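**Student:** Each chain, letter by letter, is given below.
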Amino acid sequence: MTASNIATSGGHDGHGVDLNANYLKAASGWRSWVFTLDHKRIGMMYLAAVSLAFLAGGVFALLVRLELMSMGRTIMGPEMYNKMFTLHGLIMVFLFIIPAIPGSLANFILPMQLGAKDVAFPKLNLLSFWVYCVGAIFALISIVYGAVDTGWTFYTPYSLTNPQAQTAVISLVLGAFILGFSSILTGLNFIVTIHTLRAPGLTWKRLPLFVWATYATSIIQVLATPVLAITLLLLVFERIFGLGIFDPRLGGDPVLFQHFFWFYSHPAVYIMIVPGMGVISEIIATFSRRAIFGYFAVAMSSLALALLGFLVWAHHMFVAGMSEFATMLFSALTFLVAIPSGVKVFNWTATLYKGSISLAPPMLYALAFLFLFTIGGLTGLFLGTLSVDIHLHDTYFVVAHFHYVMMGGTVMGFFGGVLYWWPKMLGKLYNVKWASISAGLIFVGFNVTFLSQFIMGSRGMPRRYYDYLPQFELLHRVSTVGSWIIGLGVMITVGVLIVSLFKGKAAPPNPWGSAALEWQTESPPIAQNFAETPIITRGPYDYHLATKAELYDGFPTQRGG
Amino acid sequence: MTQEPTFQLPPAMSTFAARYDETYYFIYWLSVLLFVGIIGAAAYFVWKYRRRPGVDAEPTGHNAILEASWTIAPIIILAVMFHVGFRGYLDMAIAPGNALEVRVRAWQWGWDFEYPNGAHSNDLKVPVNKPVKLIMSSNDVIHSLFVPAFRIKKDVVPGMYTTVWFEATSTGETDLFCAEYCGKDHSAMMRKVFIVTDDEFQKFLEESSGPPSGMSTEDWGKKIYGEKCKSCHSLDGSKVIGPTFKHVWGEMVTMTNGEIVKVDENYVRESILDPLAKVVAGYPPVMPTFKGTLGDKEIDALIKFIQTVK
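In the order they appear, the protein sequences are chains H and U. Each residue of the first sequence is one higher than the one before, starting from 1460 at the first, in the working numbering. Each residue of the second sequence is one higher than the one before, starting from 5 at the first, in the working numbering.
Hints are computed from structural coordinates only; laboratory data are not their basis. Check the hints yourself; a few may be wrong.
Straight line, CA to CA, 30 Å or less: simulated BS3-like cross-link-like pairs of lysine-lysine [what the hints assert, rightly or not]:
| id | chain 1 | residue 1 | chain 2 | residue 2 |
| --- | --- | --- | --- | --- |
| 1 | U | K232 | U | K282 |
| 2 | H | K1964 | H | K1576 |
| 3 | H | K2007 | U | K232 |
| 4 | H | K1892 | U | K52 |
| 5 | U | K266 | U | K314 |
| 6 | H | K1813 | U | K52 |
Keep in mind the model is a prediction, meaning the values are calculated, not measured.
The following block holds chain H by itself, in its conformation from the complex (with noise of 0.2 Å):
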């Protein structure tokens, strides 16, 4: 695989940048980083801003929890309340979950992977990073002007008519209208990259599964985001001008708000949960020894996923008075959902059948989004069906089905990536075992959550509640301690990384012993990622025909094969 013979330019790319060293020390300086063209430094700019971004809305979760602690007043009056669930939402999914991992993960991986230099566009793909800080400066400001209480939804009429500051509304949709452009140059600059950029020898058929989502979800990124950007400017307008196209009042439609915000919105579900699976799919892969089982089946069922998210979106809306016709075809095609999702689930469980099983940390939240997104696709099924609906459609159920897919898919696999690849993204290595406790603390702290949450929301309990009736009490206290599990559990994955960040031991090239691409350069990676361009002559799993010196084993507590 790493046969190479073709020499690349070596030197100095005119920039003052070294591209043969390390390229956290390629270059210094402030500049070297803002102004960076590096994939792999905006891939850490991007980690740290999404991280960020991860905590902030964690701290609202935790607050929207302790709220609900008790019946009644607990910490905050009902405002703050609906702000703080508000503000939970839209940073977990304009500023975390959709471009978490294409933007840290894909944009640092997805190029080494390709055995290229860098991205397609560079200086697109550092735009993006700072649009993207540009639309997280607006959420910023809108919070400055007294928050929105909207809901992370919008729905129109009260987003036009709420008492809240206009200007908070206001800001806070042009912030997530700005972030659309940056997720649109984002995946528009993937699907050149996989396009033109993939080493010799890396056919379609060899590219890693984590490319493959990566290809999916751009795709989607391009096509639907545009949507989200009318409708956002349409609530503007709207807003601002009284157009009369969603208020009622006006002559408008409000449920026209519904299908416009979904027709983006439920795509950007898939924009969020198939990176994520892309990432299980290379764990899975590198800690079993052993190609991904179906590989084919895996990577179709990425792009089959991308067009079904597309056909899909009314389902959101079984109760808002569409016609019957409308709700039968929309629940028709929810269930064509499962089909590509149980592929994924039944291909990697085949993949374990086998193989070679370590229980490294990443490995842990493999397995743990294995656990968790099955629950939340099989919860879906309740969901899909029309009758059983009515009665889920908008109460805890349904804010646990999505906190299944979302945080046990997405959020796992973002854990497991960053756990995964953070030897070869900064060279150090962490503390095996204190990582694994914190795998087990989320794992554990997640299901006391949102398992308590799917009992409430059958039993009846809508959700985004400031206060409730006294049979939900006691599981709205469960639920509560379940978040606290879950914040000690990330306090701890926070603190093992950061204690690798300035005391780690020195990674090896490819601690896990992976016989992928990207181990296969210096941890961290030289500036152009590969001294010489590399020339695939197998596909990423293929560890029978991998070396052993490709297979270097690094990780201490790992050895033992």
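With chain H's structure known, arrange chain U on it following the hints.
**Tutor:** This is chain U only, laid out in the frame that chain H set:
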């Protein structure tokens, strides 16, 4: 009959609930089966094929039949689920023609229920074993009416009417929620549904009806006249479909059967509740009954109003 709440579901108090719970638990047990199968297999493989010195993973092979079967088999299960769900949904979508219609108005942050006789209430009161159709609208933002024990929910949208129906199967009380986020006091839109016998319901209608506050009985009668009687009975002596109300009070009137009757309280009351018992000569017997629509108080108010039409 009330079915007691189960671990996962609230009490079952409508005709939908039994079927709903059946479908819910069908999907639940199917999911449990799939979950145990998948996670059980994964856990077993993780233990059985844990990394051991000197043991390599076996290269991944192909198994087209296995792959095809776990792609196709779910389609069949999903088709069954879709079918069951859609049939249940259709039952819930189409209200029977004889349903009692209750008008629901939602606003930030409250509910108003208006019954056919014009009575209003803040909590919903319905008769048992009788289909009830709610015709809903919102004064401001989107709300959603949710009664877990009935397994019903429907958004209440400004600028349009939405409807939902149910038939309660046992007397008692249960909770009603707003399920669509509507601002500050969203969670304060919790109300009760009282399910009572038909007799109690009629009694409730009569007791809770009455002139709107600040309106005299006469004016209320005039209002009811405007809503219910005006299209057939004039006030100016002109002949429409039925006799005019002008100067009618206290008159001796000839019926189609030749009987002569004095227009008094009893005659007017009888004409409203059983219009075809005595029909005035020269008029067709076409008046519908207002039994169940107009309560005693309304009838009294109408009588009071008719006395004043000179």
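**Student:** Does each hint fit the structure? Answer for all of them.
**Tutor:** Right, here's what the structure says about each hint:
Straight-line distance between C-alpha atoms of U/K232 and U/K282 comes to about 19 Å, which keeps the hinted pair within the 30 Å bound. Simply put, H/K1964 and H/K1576 have alpha-carbon atoms about 27 Å apart, close enough for the 30 Å limit, and the pair holds. For the suggested pair H/K2007 and U/K232, the alpha carbons sit about 93 Å apart, so the restraint of at most 30 Å is broken. Distance restraint check for H/K1892 and U/K52: the Cα-Cα separation of roughly 22 Å lies within the 30 Å cut-off, and the hinted pair is therefore satisfied.
Note on U/K266 and U/K314: the hinted pairing holds, with a Cα-Cα distance of about 17 Å set against a maximum of 30 Å. Straight-line distance between C-alpha atoms of H/K1813 and U/K52 comes to about 8 Å, which keeps the hinted pair within the 30 Å bound.
Figure legend: structure checked against the earlier numbered hints; the only hint not met is number 3.
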